[in-house]
Structures are given as structure tokens and as C-alpha cells.
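Chemist: Sequence:
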Amino acid sequence: LVLEQGTPGEVYNIGAGNELTNLELTDRLLQLTGRDDSFIEPVEDRLGHDRRYSVNVDKMKALGWSLDRSFDDSLESTVEWYRDNRAWWEPLKAKAGL
1 LVLEQGTPGE VYNIGAGNEL TNLELTDRLL QLTGRDDSFI EPVEDRLGHD
51 RRYSVNVDKM KALGWSLDRS FDDSLESTVE WYRDNRAWWE PLKAKAGL
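Going letter by letter, the sequence shown gives residues 1 to 98 in my numbering.
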């Protein structure tokens, strides 16, 4: 869409139009993975910690772009992908020493 209709040199942000705190996202991931909040390890915020992440998607909407899936549906699909593709990512994780 951007390649065909966008203006060269312009920045086009893609976002879901919703804002979640890190803790809200963590809670959703815990629910999807069947874990409880005992897996959360609180840490002190880093200096200059971002309180929110938000992007303006007006330019994309002007090109006719719209969401076709909700954030929650996409998050669930992502978790399912990682469950189904352990053979791909686990060796990478081990190689990185994580």
C-alpha cells in the first residue's frame, strides 16, 4: 500500500490504536500461556522509562489502511505460533545463551 500510494521519504506508522501498559500486556501474555503472576519479576524502572508507546496512524488511514484483526487476536496467534514452532526458536535461544 505504501509502496504504491505513499509519498517517498514520508514516515508511515502502523499501530492498533490502543495503548497498554507493560503490566497489562504481561497480564494478557500470562493468561494466554496459562501462567499466574508469580512469573512476574518486578524491577526498578530504567532512567527515562517510557510511560506509554503510541503512534499516529493517520497517514496510513488516509491511504485506506485499516486493521483487519484485533490486538488480542494477533497476540493469541503469536503465542500459538511460538508454541507450534519451538524447533525453530529454541535453538536460537540456546545459541544466544538465554
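Among these hints, one or two may not hold up.
Distance ranges between label pairs, derived from CB positions [what the hints assert, rightly or not]:
{"#": "1", "residue 1": "R86", "residue 2": "Q5", "range": "33 to 43 Å"}
{"#": "2", "residue 1": "G9", "residue 2": "W65", "range": "14 to 24 Å"}
{"#": "3", "residue 1": "L20", "residue 2": "R46", "range": "34 to 44 Å"}
{"#": "4", "residue 1": "A94", "residue 2": "Q5", "range": "35 to 45 Å"}
What the hints contain is simulated information worked out from the structure, not anything from laboratory work.
Ideal placement from N, C-alpha and C gives every residue a C-beta, glycine not left out.
Chemist: Against this structure, judge whether each hint is valid.
Modeler: Hints, verified against the model:
1. R86 x Q5: 33 to 43 Å: 39 Å, holds
2. G9 x W65: 14 to 24 Å: Roughly 18 Å apart at Cβ, these two residues keep to the hinted range, so it holds.
3. L20 x R46: 34 to 44 Å: Violated: the Cβ-Cβ distance is about 19 Å, outside 34 to 44 Å.
4. A94 x Q5: 35 to 45 Å: Taking Cβ atoms as reference, A94 and Q5 lie about 43 Å apart, which means the hint holds.
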